[in-house]
Amino acid sequence: MNAPQEQAISASALVHAKGLTVRYGAKRAVDDVSFTIPKGRVVGLLGHNGAGKTTLMKALVGLANAEGELRVLGKHPKRDRVALLQSACYIPDVAILPRWARVDDLITLMSGLHPSFSAERAKGLLKRTSVGLRDRVKVLSKGMVVQAHLALVAAIDARLMILDEPTLGLDVLSRKSFYEMLIDEWCDGERSVLISTHQVEEIETLLSDVLMLNEGKLVLSISLEDMDRRFVALSHDASVADEMAAAHPLLRYRGGAGRDSRTSVFDGTPPDNVLSLGQRVRPSLVDLFVALTRKPELDRQHF
Amino acid sequence: MKTFNTLLLREWMQHRFGWAMLVLIPLTLAVLLLSVGQIQLDSQTVEEVGAFFPTMLAAISLAGTTGLLFVLGTVVSLFLISGLARRDHADRSVEFWLSLPTSHAQSLAAPLLTHLVLVPVAALALGIAGGVAVSFVVVSRLVDVGAWFTLPWGQLLGATLATFARLAVGVPLAILWLLPLILAAVLLGAWLKRWGVPVLLLGLSLGATVAQQVFGLAWPARQLAYLALQAGRSLIHTQQQGFVVENGNEMAEALPKVVSFMLGDIAPAIGLLLSPGFLAVLALSAGLFWLLIDWRRRGAGVAG
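Protein sequence lines correspond, in order, to chains W and C. Under numbering that gives the first Met the number 0, think of the first position of the first sequence as 0, with each following residue one higher. Under numbering that gives the first Met the number 0, think of the first position of the second sequence as 0, with each following residue one higher.
Just so you know, not all the hints are guaranteed correct.
As the list claims (entries may be wrong) - No farther apart than 27 Å at their CA atoms in a straight line, the calculated lysine-lysine pairs in the BS3-like style are these: (1) C/Lys192 with W/Lys26; (2) W/Lys175 with W/Lys126; (3) W/Lys26 with W/Lys216; (4) W/Lys74 with C/Lys1; (5) C/Lys1 with W/Lys122; (6) W/Lys17 with W/Lys216; (7) W/Lys26 with W/Lys38; (8) W/Lys216 with W/Lys38; (9) W/Lys17 with W/Lys74; (10) W/Lys74 with W/Lys216; (11) W/Lys137 with C/Lys192; (12) C/Lys1 with W/Lys77; (13) W/Lys77 with C/Lys192; (14) W/Lys141 with W/Lys175.
Stated by the list, open to error - Covered stretches of chain W, as calculated for chain C (at least 3 residues, CB under 8 Å): (15) 95–102; (16) 120–130.
Honestly, the hints are just simulated from the structure, not real lab data. Quick caveat, the model's predicted, so the values are computed rather than measured. Quick reminder that beta carbons are idealized off the backbone N, C-alpha and C, glycines included.
Using the sequences provided together with the hints, build the complete structure.
Here you go:
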């Protein structure tokens, strides 16, 4: 891609970060990260605990001091925080609604504080949950607080939704319901979502792109289409494990087509003699996540 | 304006139950205790006051109830405001509020205005209303029910409303004079959590004492006394001259004098603002408020 093409993409991107670094004292929580998020994308932000996901999200909404270039919806997150948050919605942690408030109090407050919030839509979304309008937050279960918060945020007509572990505490049915609402009703090709989660398998089918952080550094920034083209997974018999190892895969693990089978994941197409030793399968996001973010001392290749 | 009004509404939603209890409990206790308890009076004073006795009882009831609720409301408000920076941290809802498109200045100014001005003034108004009820109980018990209905309500309410007007102007003026201390308490609470106010009190008292005793510098203590004096004068009694009621015969003329005194005291109270000292107070307050905004902008103490 040439420089003018890159510039054109950056100009239309909802999020543009270049050389982004966030420090907490001497520690670099986010370390020289560069990426863009175009419109109409559902981007998964993956990383272990302490990888820098929350810090990155806070930087995007002006709640963390960041060095480097950062534009969100064309605005500087720190300087233009209020204007930015009028067009973006952010859930930092879903179990954080004020405990003294009733749900209808929160709808009233959001109506007055957020110009893009629709009280009618919020009430409609809440009808699908077990949360009542007169319920006080402090008597709701954690899952119900999550449902209430998600309903409030989904009622905001924003261009960018930034969700930090939004489904923590939700049962599987509620999670499915939230993902369906997100895809069917919120994502319209113009809006983008950045979502961090540990439930990688569950969300893989919803994502269009993925960002992987490891100890503050961006180890992968790729669309799922390109991921399928770039990474090759081969399911093979244990008897050819040594030949596979000699080709230096990213990751090897037990599991695959047969009982005694193994799977090896490669970055790029392996040599033909290696390809012929196994059957090509689609690498899962979990496989890549483990391959790219595991610590060397926890290498699972010993078998 | 809509955002700021909604932030004020938030304060009402969060604290309305507590405020209701703050008014109802003392009033209920006062009415109950005065209805059934013993009330002792100085017989000489009663004799001196003569026919003015019921009016005097009503005036004391109004003043006492209003004063009680005003003091309670102000003390509770100051206590709440001292923890302003760290409120919402216990339930982590601070992150919810930070995720909304409200400026840090508005988010800080709304609770300051509510608790430092609106609540004390509302306490005055409710105190007056409650005082009417208390006066009925007191006058009925110590004189008779009929006496309450024949009280000079025009003069009583005139004096009461004039006092309310004076205090309603005086409260925000006094708060302006004390704002550097209040904001310092809030800021230290942001940095030091529950140790903020104790550190401030200790620092001021110890600092002034050490400055005076060890270094021979009297100005720190003088400045603190100056702030307290200006705040007190702004709240009530700015003018040098007042009036004295020397005997029961003069009491009948006291109520109209209260009206003219209170209303005439408003302009001098406002005039206190026209001084270099107040400009310094404003500048210091602005600096401290900016530090609070900066603290909030850096994440309000929420771990990353």
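Structure-based check of each hint:
A C-alpha spacing of about 25 Å is found between C/Lys192 and W/Lys26, which places the hinted pair at or below 27 Å, so the restraint holds. The suggested pairing of W/Lys175 with W/Lys126 holds, with an alpha-carbon distance near 16 Å, which does not exceed 27 Å. With a C-alpha separation of about 12 Å, the suggested pairing of W/Lys26 with W/Lys216 holds against the 27 Å cut-off. With a CA separation close to 23 Å, the supplied pair W/Lys74 and C/Lys1 stays within the 27 Å bound.
Note on C/Lys1 and W/Lys122: the hinted pairing holds, with a Cα-Cα distance of about 22 Å set against a maximum of 27 Å. Proposed proximity of W/Lys17 and W/Lys216 is supported: the alpha carbons are some 12 Å apart, at most 27 Å. For the proposed pair W/Lys26 and W/Lys38, the alpha carbon gap of about 32 Å is over 27 Å, so the pair is violated. A threshold of 27 Å between alpha carbons decides the hint, and for W/Lys216 with W/Lys38 the separation of about 24 Å falls inside it, so the pair holds.
For the hint linking W/Lys17 to W/Lys74, the alpha-carbon distance of about 14 Å falls within 27 Å, and the restraint holds. The hinted pair formed by W/Lys74 and W/Lys216 meets the criterion: a straight-line CA distance of about 24 Å does not exceed 27 Å. Simply put, W/Lys137 and C/Lys192 have alpha-carbon atoms about 24 Å apart, close enough for the 27 Å limit, and the pair holds. In summary, the hint linking C/Lys1 to W/Lys77 is supported, as the alpha carbons are separated by about 23 Å, within the 27 Å threshold.
Restraint check for W/Lys77 and C/Lys192: the C-alpha separation of about 25 Å stays at or below 27 Å, so the hint holds. This hinted pair checks out: W/Lys141 and W/Lys175 have alpha carbons roughly 17 Å apart, not beyond 27 Å. Three residues within the 8 Å Cβ limit are the bar, and the segment 95–102 of chain W against chain C gives 6, so the coverage statement holds. Counting residues of the segment 120–130 of chain W whose beta carbon lies closer than 8 Å to any beta carbon of chain C gives 0, which falls below the threshold of three, so the coverage claim is violated.
When each numbered hint is compared with the structure, violations occur for hints 7 and 16.
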